[in-house]
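**Q** Sequence:
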Amino acid sequence: MSTTSQDLPDTTGANQLLDCVRERMGVKNDAALCRALEVAPAVISKIRHGKLQVTSRMMIRMHFRSGLSIAEIFALLGLEAK
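Heads up: the sequence shown runs through residues 1 to 82, numbered per the working numbering.
Since the hints were derived computationally from the structure, they do not count as laboratory data. Positions of the beta carbon are idealized from the N, C-alpha and C atoms, including for glycine. Be careful, since some hints might not be right.
Below, in silico cross-link-like pairs of lysine to any residue (SDA-like), each with a Cα-Cα straight-line distance of 25 Å or less [stated by the list, open to error]:
| # | residue 1 | residue 2 |
| --- | --- | --- |
| 1 | Lys28 | Asn15 |
| 2 | Lys46 | Ile60 |
| 3 | Lys46 | Cys34 |
Listed next, with one range per pair, are the computed distances between beta-carbon atoms [what the hints assert, rightly or not]:
| # | residue 1 | residue 2 | range |
| --- | --- | --- | --- |
| 4 | Leu52 | Lys28 | 28 to 34 Å |
| 5 | Ala40 | Glu80 | 17 to 23 Å |
| 6 | Ser56 | Arg24 | 26 to 32 Å |
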């Protein structure tokens, strides 16, 4: 069975968020981001590849460690803060 682009999850927002957090924290790569956020490398990899969603716990961790507001995090993910 072949996989089409319609079958793949849209990871644009998650990747934008991870890149922004990485830039804000001044780390060079995902390995350093994992250490800074104190998460396993597999977590970041799974988020980047659409196999894991950014959880509320991860959003809060990103907020405290990077200084991004929750509204900014939601915007980068393409979510609407209510």
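**Q** If I claimed the Cβ atoms of Ala40 and Glu80 lie 17 to 23 Å apart, would that claim hold in this structure?
**A** Check failed, 30 Å falls outside 17 to 23 Å.
**Q** Holds or violated: Lys46 and Cys34, Cα atoms, limit 25 Å.
**A** holds, 12 Å
**Q** Can the suggested window of 26 to 32 Å be confirmed for the beta-carbon pair Ser56 and Arg24?
**A** Given about 19 Å between the Cβ atoms, the range is violated.
**Q** Can the restraint linking Lys28 and Asn15 be considered satisfied, given a maximum Cα separation of 25 Å?
**A** At roughly 15 Å apart (the allowed maximum being 25 Å), Asn15 and Lys28 satisfy the hint.
**Q** Could you check the hint for me, namely that Leu52 and Lys28 are 28 to 34 Å apart, CB to CB?
**A** For Lys28 against Leu52, whose Cβ atoms are near 23 Å apart, the range 28 to 34 Å is violated.
**Q** Taking only the CA atoms, is the gap from Lys46 to Ile60 under or equal to 25 Å?
**A** holds, 18 Å
Hint check: violations occur at hints 4, 5, 6; the rest are consistent with the structure.
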